[in-house]
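Colleague: Using the sequences and the hints, build the whole thing.
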Amino acid sequence: MTLKEWSVRTARLMVGIPDYQTYVEHRRQTHPDEPIMTYEEFFVERQNARYAVGKGRFRGCC
Amino acid sequence: MSSLAIKGNGLQSKLLWAAVVALGALSFGIVALSRGENVNAAWLVVAAVCIYFIAYRFYALFIAEKVLGVDPTRQTPAYQHNDGLDYVPTNRYVLFGHHFAAIAGAGPLVGPVLAAQMGYLPGTLWILAGVVFAGAVQDLTVLFLSTRRDGRSLGDMVRSEMGPVAGGIALIGVLLIMVILLAVLALVVVKALVGSPWGTFTVFCTIPIAMLMGVYARFIRIGRIAEMSVIGVVLLLASLIYGRTVAENPAIATWFDLHGETLALIIIGYGFVASVLPVWLLLAPRDYLSTFLKVGTMALLAVGIILVQPELKMPAVTKFIDGTGPVWSGSLFPFLFITIACGSVSGFHALIASGTTPKMVENESQLRFIGYGAMLTESFVAIMAMIGATVLEPGIYFAINSPSGVIGTTAVQAAQVISGWGFTVTPDMISQIAQDVGEKTLLSRTGGAPTLAVGMAHILSGMFGGRVLMGLWYHFAILFEALFILTTVDAGTRVARFMIQDMIGSVVPSFRKTESWGNNLVGSALAVGAWGYFLYQGVIDPMGGINTLWPLFGISNQMLAGIALILCTVVLFKMKRQRYAWVTIVPTLWLLVCTLTAGLQKIFSAEPAIGFVAHARVFGDAAAAGKILAPAKTIEEMHRVIVNDYVDATLSALFVAVVLAMIVYGVIAIRRALGDPKITAIEIGLHANIPGANLA
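Chains as they are written, first to last, in this note's numbering: chain A, 152 to 213; chain B, 4 to 699.
Derived from the structure by calculation, the hints contain no laboratory data. Among these hints, one or two may not hold up.
DMTMM-like cross-link-like pairs, simulated, lysine to aspartate or glutamate; straight-line CA separation at most 25 Å [stated by the list, open to error]:
1) A:K155 - B:E230
2) B:K681 - B:E68
3) B:K516 - B:D89
4) B:K443 - B:E251
5) B:K579 - B:E68
6) A:K155 - B:E365
7) A:K155 - B:D89
8) B:K516 - A:E196
Examples of chain A residues lying across from chain B (beta carbon under 10 Å, computed) [as the list claims (entries may be wrong)]:
9) V159
10) T161
11) V175
12) F194
13) Y202
On a predicted model such as this, the values are computed, not experimentally measured, just so you know. Cβ atoms here follow ideal geometry from the backbone N, Cα and C, with glycine treated the same way.
Modeller: Below, the structure written as structure tokens:
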């Protein structure tokens, strides 16, 4: 992983968006028949999940 | 960090580590033993970093390999449940950044600033010893436990390992800490913005800016985080610069020149509205901004300290170790260990280490780097905050941090009182520093944020911009702290709302439905009301509020750390690793002694400045005699002060009760584990799919 890739991935994961390419590859390999979310759908899904109340997602307090 | 942690086999690496030890010992000696002369902050940085490396290379390795027995051949939940979303095997450096951003917040920035009233040394010693032997141990162990349990939360793990009652008690503890945490953080923002049009305007601007970003990333250019963040940062800096114009124009400035009470009500109302709005509109975009700004500013501050190498003006130890200090009341033991919670050991991290991070760990061998390493980094942030507070002239530090009830409300009075303590300061110095940073006054700006902002302005303007830009740096620092505190207030209110709904829901099941608008409104109102009560009480307190609330917050946070470490100890016994259980028992005992002593002193101390009951009695006697004591202006307000005191005393008693109950359940669980010849720890995914995996 280059420094640039690392920075981009880290910055995105810091705000709760994991790597999209990894997701796509995972779906292709393990669920080849099922639909794969577009990046836009993926973003919205992840954004909602990050703040889903009640999943024990505590962050950034101390 | 890990790339430097070379395996200590060769002669070369032995020599390297010997050099690190020698350098650490030298700088530590300079920091600890110097008297009378100002010490350069660089020595403090070098001493801290050497200690971190040594602790990481030796102690953390011992914990990971011997105490916990991490198993590099064991499959982690990230692989087992890989879904590309929550469970994703993630590069350890990327995950380190994620985990650090999740644990870092306002706590390590505020605690050390308040602790600086005792000099830089006591706080520094506790930050370093605390992180090595307690904080990082807790973070690493909880992360390990959760990784072996599919990323289960702390509450779930307490329930499954120690029983449902212990689990319920732990959840009450978590709710209490949320309420106090939100109140005290909101109070820090109020204290920083009172009578500061520049700061208030800039912080208000973050709301429309965040909404604009939210709409952009959800509808205009979906998911383009970099674009929206650049737009947000540019607008934010523009509002920061324009803030000076606002402050200098009296007609507009009056709109943003607010009293503490008004600001408190605005934040309470804001907290309510923000927690029912859709997340993409306000919470998410502001979270992105505050995360990037937080990490960026911390890095900038580290660079600033290394380049500028400021001198520490504060003595190593001040006379206030006897407990008579103006910033917070109470003697060094136990209150120093309560005041600096985050940065040494923070129970809150146990919630995060059992949250999203364990679902992404690639290999158990990386737990040390992520769990222990990220906490060391957080501790370094606390060291930087300590430096930020102690590079100021001590007289200035006390002018900013002492309540108006102690030093009065004019620069002349304040200079007289503070000089009387032995910290020479003139009224001119006090007014000059306020003028430099573009504020009318900095007197009694308690809560740590303004002090740190002045310290940061001092350091960063030394690197870039000089005195001309000091005002900008100061308000930038205020903005940066307020931004992520408000994000915490918003996110925390949601969590508190959910917990309240869950608790009431166990009695009234229909209340559990989180999709219902009615439930959300009621739940939010209850959550906001709970922390809003303590916030408002803190704002009207003539001792500055922080004086009362910060110890309560510290106690609750350390209490949670105590619960987490009790769990860790219990599980070590259940894993039949009790030979090494001293690693968690020692910090557990220390935290329990500190929280119990502090909690009991807050209730029963005969000193009205420390004990709530004694304080209530002073007011009760005065009210009975028909006298009115400040801050009360009427007899009704006198009674309100008394009620507040009893509420605070009850809260302290609850903390003590939670701690005692957890000790009892911990001892029961340990005895049961000892009586059973088998391993009784309830791990998930014991059967590794990797051939030849060790099932220990």
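Colleague: The structure should be examined with respect to each hint, and the outcome stated for every one.
Modeller: Hints, verified against the model:
With a CA separation close to 16 Å, the supplied pair K155 of chain A and E230 of chain B stays within the 25 Å bound. With a C-alpha separation of about 21 Å, the suggested pairing of K681 of chain B with E68 of chain B holds against the 25 Å cut-off. Between K516 of chain B and D89 of chain B, the direct Cα distance comes to roughly 23 Å. Compliance with the 25 Å bound is thereby established for this hinted pair. The straight-line distance between the Cα atoms of K443 of chain B and E251 of chain B is roughly 11 Å, inside the 25 Å bound, and the hint therefore holds.
With a C-alpha separation of about 15 Å, the suggested pairing of K579 of chain B with E68 of chain B holds against the 25 Å cut-off. Between the alpha carbons of K155 of chain A and E365 of chain B the distance comes to roughly 21 Å, so the proposed pair stays at or under 25 Å and holds. For the given pair, K155 of chain A sits about 24 Å from D89 of chain B by alpha-carbon distance, which is consistent with the 25 Å threshold. With a C-alpha separation of about 21 Å, the suggested pair K516 of chain B and E196 of chain A falls inside the 25 Å cut-off, and the hint holds.
Hint status for V159 of chain A: holds, given a least beta-carbon distance of 8 Å to chain B, under 10 Å. Hint status for T161 of chain A: holds, given a least beta-carbon distance of 4 Å to chain B, under 10 Å. The interface hint given for V175 of chain A is met, as the beta carbon of that residue sits about 8 Å from the closest beta carbon of chain B, less than 10 Å. Below 10 Å, beta-carbon pairs count as interface contacts, and F194 of chain A has one with chain B at about 3 Å; its hint therefore holds.
A distance limit of 10 Å between C-beta atoms decides the matter here; for Y202 of chain A the minimum to chain B is near 4 Å, and the interface restraint holds.
This entry satisfies every hint, going by the numbered hints stated previously.
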